[in-house]
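**Q** Residue strings, one per chain:
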Amino acid sequence: MTSTPTSTLMLRDRLVRVVEAATTPLLPADYLDLFAPLRSGADLRGRIEEVHPETADAATIVIKPGADWAGHVPGQYVRVGIDVDGIRQWRAYSLTHGPRRDGRISITVKAVPDGLVSTHLVREARAGTIVHLEQAAGEFVLPPAGGKFLFVTAGSGVTPVIGMLRNLFPSTDSGVLRLPRSADFDIVVVHIAPTEPDSIFLSDLKALAEAGAVHLVPRYDDVHGVLDVAELSDLVPDLADRATFACGPGGLLDALADHHEAAGIELFTEQFRASFKVAGDGGTVAFNDGTEVVADGATPILDVAEAAGVLMPSGCRMGVCFGCVLPLREGVVRDLRNGEITIANDGDNVVIQTCISAAAGPCHIDH
Amino acid sequence: MTTIQKKADNPIAHLTPEDIEQIGIELDAIRQEILDSRGAADAAYIRKVIDVHRKLELASRAVLLASIFPPAWIVGTAGLSIAKILENMEIGHNILHGQWDWMRDPKIHSTTWEWDMATPADQWKHSHNELHHTYTNVIGKDNDLGYGIMRVDEDQKWHPFFLAQPLWNFINACFFEYGIAAYDLELGRNLKIPKEKRSEEFKENARGVLKKIRQQATKDYLVHPALSIPTGSFLPTLAANFTANVVRNLWSHSVIMCGHFPEGVETFEKASIVGESRGEWYVRQMLGSANISGSKAMHIATGNLSFQIEHHLFPDLPSNRYAEVAPKVRALFDKYDLTYTTGSLPKQVYSAWHKVVRLSLPNGWLAETNVKNAPQQLAKLYKLTTGGPKVRRMIEANDRRQRAAAARAA
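Protein sequences appear in the order of chains A and B. So the number in the working numbering is just where the residue sits in the first sequence, counting from 1, plus 4. So the number in the working numbering is just where the residue sits in the second sequence, counting from 1, plus 1.
Since the hints were made in silico from the structure, they are not lab data. The beta-carbon is built from N, C-alpha and C at its ideal position, and this holds for glycine as well. Careful, some of the hints might be misleading.
Stated by the list, open to error - No more than 25 angstroms apart at the CA atoms, straight line, and that leaves these computed lysine to any residue pairs for SDA-like:
{"id": "1", "chain 1": "B", "residue 1": "56", "chain 2": "A", "residue 2": "340"}
{"id": "2", "chain 1": "B", "residue 1": "56", "chain 2": "A", "residue 2": "33"}
{"id": "3", "chain 1": "B", "residue 1": "329", "chain 2": "A", "residue 2": "30"}
{"id": "4", "chain 1": "B", "residue 1": "212", "chain 2": "A", "residue 2": "30"}
{"id": "5", "chain 1": "B", "residue 1": "220", "chain 2": "A", "residue 2": "19"}
What the hints assert, rightly or not - To give an idea of the chain B side of the interface with chain A (calculated C-beta under 8 angstroms), a few residues:
{"id": "6", "residue": "18"}
{"id": "7", "residue": "43"}
{"id": "8", "residue": "105"}
{"id": "9", "residue": "106"}
{"id": "10", "residue": "116"}
{"id": "11", "residue": "135"}
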């Protein structure tokens with residue numbers, strides 16, 4: 005390939021500037037997005053192509069990502085932004101399949117009780133909907149050389165693991181393929197779920213176990229009782245020889261972390277659902293410069309911050325002018341006018357009016 | 002008009018403090034109803050309007066590439082005028098109010114939006130959202146009243162300078178976006194300050210405005226005309242863009258005049274808002290605004306500022322919901338025996354202009370003048386205009402004595 009001559013680049017730059025001058029204050033992209041939202045150069049988006057029900061409360065969503073999708077490694081996750089009741093919500097989901105030949109990506113979602121986004125994706129999502137994406141991320145991936153591994157998965161925590169296993173052992177109509185590149189992987193899966201039918205991807209796991217690709221140890225709370233991590237060494241006798249990959253709720257991961265640290269076993273964990281935030285009364289409000297102020301539940305964050313010497317943008321101080329808005333990086337706030345609660349998980353950056361919002365839990369303001 | 006506090010028949014004198022508090026509670030409840038039902042349909046509405054605006058603008062500008070042909074000029078100019086009106090009113094104004102912030106879409110958000118207007122969004126948000134919406138119709142606090150260049154109230158002393166205010170108002174209407182930019186900058190006040198003493202903030206804001214004007218003018222008066230050169234349409238496209246800007250300016254000026262200027266809208270004294278409660282703020286918004294009645298298309302073209310009363314009560318509710326709120330608000334006016342000022346567009350525009358003309362003349366002059374006494378009245382006006390402050394005070398004192406005598410006789 006020959007390098008592009010500098011003059012061509014300069015000409016292109018100039019052309020871009022002319023087009024920008026023709027569309028200001030909007031950008032050329034604002035117009036292009038009307039017709040080609042998935043084009044190269046656009047903000048990363050995707051279009052839902054298919055929604056497959058997996059169980060009564062779980063579905064796999066197949067998404068065609070925009071042209072700038074950089075690909076992923078099985079086990080990584082993707083942050084997806086979707087409008088629910090008109091409000092953009094971002095959540096992270098595991099990429100279930102390894103890279104597919106058709107360039108689509110898929111996520112498997114379990115509708116959790118009170119889960120606004122998961123319920124929407126499982127029950128309301130329709131083909132054709134445009135969603136917003138971030139590039140795949142996550143360190144929860146297997147070393148390509150192989151080795152001995154233990155997967156501990158709980159509930160929908162099975163999804164990143166399924167992504168890895170499908171990539172290692174593709175499932176076809178004629179059975180599970182045993183590829184040479186996967187020969188050096190010795191895998192045990194301890195899959196935990198409340199009851200058997202509730203376990204998504206169980207059929208996949210069973211098929212893999214039957215084909216001898218993995219050794220499956222299912223643990224159902226109603227049959228075996230709730231798992232104590234100390235039992236793991238009984239369930240997996242060579243536990244100490246294996247690197248453990250665990251995905252599930254925070255409580256399980258914390259218990260595993262303590263257990264493995266004491267035993268000196270390697271552990272990689274993945275947790276999607278940010279620890280559940282509960283609206284309380286007041287809390288500490290942190291700012292980017294490290295300032296932390298204690299706020300009660302009845303005083304606007306604006307007043308609390310100003311009293312502590314933080315230089316805050318402000319305006320009408322009565323919720324009218326939106327001159328005081330700042331991104332809530334993470335935390336819970338209450339609208340003092342009507343008690344409405346706004347929750348931001350890390351990375352959500354929900355923009356709030358500080359003059360009528362009081363802390364309802366620990367908050368981090370991006371300011 | 003005179004501030005509500007000085008009126009002999011103060012229209013809110015009959016409200017008890019409990020009434021005012023109750024009005025606040027009832028309006029909060031109306032607001033909450035909308036918040037509770039705000040959702041996907043509203044989001045779809047604003048996205049649709051934005052979609053229509055962008056496609057209409059693209060199509061109109063494409064047609065104008067051949068604007069040398071008169072039909073293309075007419076169609077393109079009409080389309081572009083409508084697009085610019087939509088962009089400023091239903092889209093820009095309302096997004097910058099934070100009406101759509103709840104969607105958490107960074108592309109449709111008060112903190113990121115920029116509009117096709119001489120004044121940068123940030124500066125406008127300060128002067129409009131913060132000052133005008135907080136201090137609505139408070140003489141001396143709300144600069145939207147006459148934009149600092151007009152006499153808007155009988156209580157303001159008349160000066161011959163104001164004779165030209167109908168002309169100022171018309172020129173301001175034609176170039177409204179620049180008028181707004183000058184007003185957001187408080188240009189009049191700042192230009193009086195010697196250059197070296199002007200604040201850094203003013204200088205930075207002025208640079209911002211000049212940059213914005215340069216960008217907008219480059220687009221409308223250079224780039225798009227230049228793109229039309231292949232068909233020989235440079236000048237026609239330039240004229241089309243100029244026309245569309247003037248049409249948009251005249252339209253937005255008319256809508257905004259109708260919001261706070263027609264007869265029946267009250268003004269307030271500065272002292273009256275010290276320690277104002279939420280209920281009192283609501284009452285001031287109720288009486289300080291006027292609506293325009295009309296079709297759905299008219300409402301959209303005004304950015305739903307035809308529901309100016311509802312907009313001032315709930316500036317952050319999505320504009321497409323004002324129509325639904327209006328009957329409930331009106332019922333509240335009736336319940337508390339308050340005047341809900343509304344009228345058709347021609348009626349309200351006439352009323353607002355009539356007031357501009359009336360106040361350009363000394364108090365009472367227009368009302369007292371008829372065909373019979375016109376020569377004497379004109380002679381008096383000539384004396385008032387040319388005579389200096391002493392003569393004006395003498396004539397005004399004389400008028401007051403005559404009016405008092407007439408009142409006694411009656």
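**Q** Output the indices of the hints that this structure fails to meet, ascending.
**A** 1, 3, 6
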